[in-house]
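Residue numbers (our numbering), protein chains in the order written: chain A, 14 to 364; chain B, 14 to 364; chain C, 14 to 364.
Identical copies look the same in the list; a pair holds intra-copy or inter-copy alike.
Pairs of lysine to any residue residues, derived as SDA-like cross-links and limited to a Cα-Cα distance of at most 20 Å, are as follows:
hint: 1; residue 1: K68; residue 2: A79
hint: 2; residue 1: K68; residue 2: P81
hint: 3; residue 1: K68; residue 2: A56
hint: 4; residue 1: K329; residue 2: E343
hint: 5; residue 1: K329; residue 2: A311
hint: 6; residue 1: K59; residue 2: H312
hint: 7; residue 1: K329; residue 2: Y342
hint: 8; residue 1: K329; residue 2: E339
hint: 9; residue 1: K59; residue 2: G299
hint: 10; residue 1: K329; residue 2: H312
hint: 11; residue 1: K329; residue 2: R340
hint: 12; residue 1: K68; residue 2: P37
hint: 13; residue 1: K58; residue 2: T200
hint: 14; residue 1: K59; residue 2: D313
hint: 15; residue 1: K329; residue 2: M318
hint: 16; residue 1: K58; residue 2: N293
hint: 17; residue 1: K58; residue 2: R279
hint: 18; residue 1: K68; residue 2: R84
hint: 19; residue 1: K58; residue 2: A82
Just so you know, the hints here were simulated from the structure itself, not pulled from any lab data. All of these numbers come straight from a predicted model, not from anything done at the bench.
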Amino acid sequence: MEPRTLAELAALVGGEVSGDGSIPITGVAPLEEAGPGQVSFFANKKYRAAFEGSKAGAVLVGGEVAVPAGRTVVRSANPYLAFAKISLLFHPAAVAVPGISARAEVAPSAQVDASAQVGPFVSVGPGAVVGPRTVLHAGVQVGAGARIGADCLLYQNVVVREQCQVGDRVILQPGCVIGSDGFGFATDLVGAGQGPRHFKVPQAGVVVIEDDVEIGANTCVDRATLGVTRVGRGSKIDNLVQIAHNVELGPLCIMAGQSGVAGSSRLGMGVAIWGQVAVNGHIELGDRVNVSAQSGVAHDIPAGMRVAGLPAIDEKLWARNAIAFERLYEMRRELRELRRTVARLEGKETT
Amino acid sequence: MEPRTLAELAALVGGEVSGDGSIPITGVAPLEEAGPGQVSFFANKKYRAAFEGSKAGAVLVGGEVAVPAGRTVVRSANPYLAFAKISLLFHPAAVAVPGISARAEVAPSAQVDASAQVGPFVSVGPGAVVGPRTVLHAGVQVGAGARIGADCLLYQNVVVREQCQVGDRVILQPGCVIGSDGFGFATDLVGAGQGPRHFKVPQAGVVVIEDDVEIGANTCVDRATLGVTRVGRGSKIDNLVQIAHNVELGPLCIMAGQSGVAGSSRLGMGVAIWGQVAVNGHIELGDRVNVSAQSGVAHDIPAGMRVAGLPAIDEKLWARNAIAFERLYEMRRELRELRRTVARLEGKETT
Amino acid sequence: MEPRTLAELAALVGGEVSGDGSIPITGVAPLEEAGPGQVSFFANKKYRAAFEGSKAGAVLVGGEVAVPAGRTVVRSANPYLAFAKISLLFHPAAVAVPGISARAEVAPSAQVDASAQVGPFVSVGPGAVVGPRTVLHAGVQVGAGARIGADCLLYQNVVVREQCQVGDRVILQPGCVIGSDGFGFATDLVGAGQGPRHFKVPQAGVVVIEDDVEIGANTCVDRATLGVTRVGRGSKIDNLVQIAHNVELGPLCIMAGQSGVAGSSRLGMGVAIWGQVAVNGHIELGDRVNVSAQSGVAHDIPAGMRVAGLPAIDEKLWARNAIAFERLYEMRRELRELRRTVARLEGKETT
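In isolation and in its complexed conformation, chain A is listed as follows (with noise of 0.2 Å):
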């Protein structure tokens, strides 16, 4: 595409020049590696250094950083965001090419919109819906009945299974997978007279995946055993998390990578789990709650609570009681030592 200058790039996201705007700027590029065409951002303390250095045109900054003399920067009240934003220019969303591919397979009953993009090795089952601009990329299979909306992404392998929803502008990333069976086993002690066995719960439900969601690659959200398991508007899902039956997700959730929330728990809007924390099954964590990485959460989070550790707490207690952890072996041993003089000190011998 062709260059914009500094100027046209600062108004784009709301920011304020200082240096030169009239610069062409071709592209964006981390700060060790931007020239001078080139806009990079500063936006974590840990890369002052690299800032400093940089040959970048122009930094994108927050309002209140320091500056050495000469740099040119727009400065805003969320350089991420801004450089997120001048990125997109640079680097548009694929557009799909509208057709079917002569080695995918479309039931009949399906309907595929005229402007979508299927690739080859994809499957479009039995009275499906393929909405408009929508691309499935090779090897995704899209199971009887279920709907995709208009304007999605779906990269190579993913599986959404029978009767699942999934709205529009949702991107889900390689390998994952939509309404696979929920894990639930009633105990039959008894079993056909066989002795005893996990007897299957059927998974009758489905999973509703909201507008603007993204799923990353290799991540699982099994479907309801009735009912629904939903992924609430906007919510932003990493790679391998487990998402299981029944959960709700409300908008605008975080889920980091390889983390998982066990059956019919609910999570409220802009509820953040970091990576590899397990949530309980059947509990409630209110709006805006935030899981540190690792922790696992056995019971209901009231809104706005920042949690820690296993089970999860108050996420400021968690950390102070981290930090003495890292002495306990010393404290047990001064315990130890305290006892015997007290023991003297009472003037009894310790055995």
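Based on the hints, put chains B and C in the right spot on chain A.
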């Protein structure tokens, strides 16, 4: 399907009707959503309010549950099992539609039973066997010499690598991988004259999945280095689980989402491993061992024991310690204070 | 293949025969299963009884292992490496069968070497390159402009997204995903006039997998936001691992199952990350750092250090503290008692 009377359903599950057994039932539904023609279940006391407010025609309950006046219930020892059986009646398992898709690739030397269903983009390698009434959904890849039994259900994009064996009535959820190479490398400090390397140990064994097993979406079961990695009869494995080379699971084990067992460990009968647990390599877990979510099992565990924590210890002991941990920072403060007091009592000054 | 004498095998691995070197060996087997024509290995003292009872023709052992009278062994410094080399002799790696399946879809502008093997339901996108003797098994999807080197083995349903680069002799286990979008979103409180949203940061970089890497089943390696996510030469990654955007692994790293590294972190040479470990974003792990299973690394770790715990600290210190933790409840009780005693000694009554 046609309605059944409540009395018929109660008889099916060995339950006892309290109320009008003649009402027609057309399906099952959650407590909140069920109407007068539907049956629901109440097995978790958390949902007591939903139970009391439910508009369900009847509710399956345990033997001793207090029931509001006028509420029709079916009492049985295991209401969740009763629910599962009745739900299965209304949601019978899919039946294979015999035939091989023109878009499947079945090797000439493979044997696919005439009653099996083979979807598009499925490959069945040389010498592989697919049993009667088994369904291979779109994108399933079965390697050379692999054997899939009767009445199995392999969902989309499942991979069963060469020579692995899958029993009868096995369900494999989408994207699960059977027979990937075990993670085995020998440290080779010399290399082939080019410095250190991780020398790949050939993974020449197989996986055996016994009858009545279910394995979750994107779960991986590695083939043995030599011999067999085994998942015992009737075991149920959730999504995103890792089962390493040469692991052996006894019958009726449970592994919940994102748990893993490292190489060569053996689980007895009916072992339950909950979410995100890690089991070390080369250890044994006796029959009916229960491992709490997110625990790490480092050593052998005797039959029947319930463990938790990292490293995993007796579950109750862990729970007491975990509660104490919530006051660890405070304990440290108290300990410090106490030392000062004792030093004063000893007639010394603390530094 | 034809048998080898034990002496030949010993020469191959630089080992020394103790016993009859002329016996013919036809294969390798585990200690319990090996017969007189097979060689086994003994490298973990847990299996001493199996070693002593083995019917193997010969056993590979370390230099100092005590050997029962009459047992034929081959001594070498690294018996596991010796086993791996001998096993490879009997289980040579598969060789590509040149040709492109009629059911593959190779873009006209792609370059697939004539010696490569391309299975059914494989797509190779425009401008992509597949090197000599590389095998793409059924269902592999290679995106536009991606490059796969020579002598690679991509198992079923692997996805390599557009523009990513895979070196020579790389093995990708089934379902693994290279080049999924990084998990990058900027908080946009205003949105496009529709309230808050997570604004997707374009993930415009690539993944580079260097030579001799192996990556496990259903593992995900995200492409960089800008620039490169890199897995260094000879590194080995297990199943279900998450490698986030802009992460860089040095050569010869090990990542065990279900571990993960968050965005922009850098691992030096020979770093070992064990099962279910989480490494925070934007940190550095020096050469040869070793992180125990289930640990969480929150800060930079200097070269050579062994760490454990959450947050990860010195491994030995963590182990001592973890043992103390097993008595934490008891410590709390003792502390309380001690406070009472001291108060009494001070002449006060406790409440």
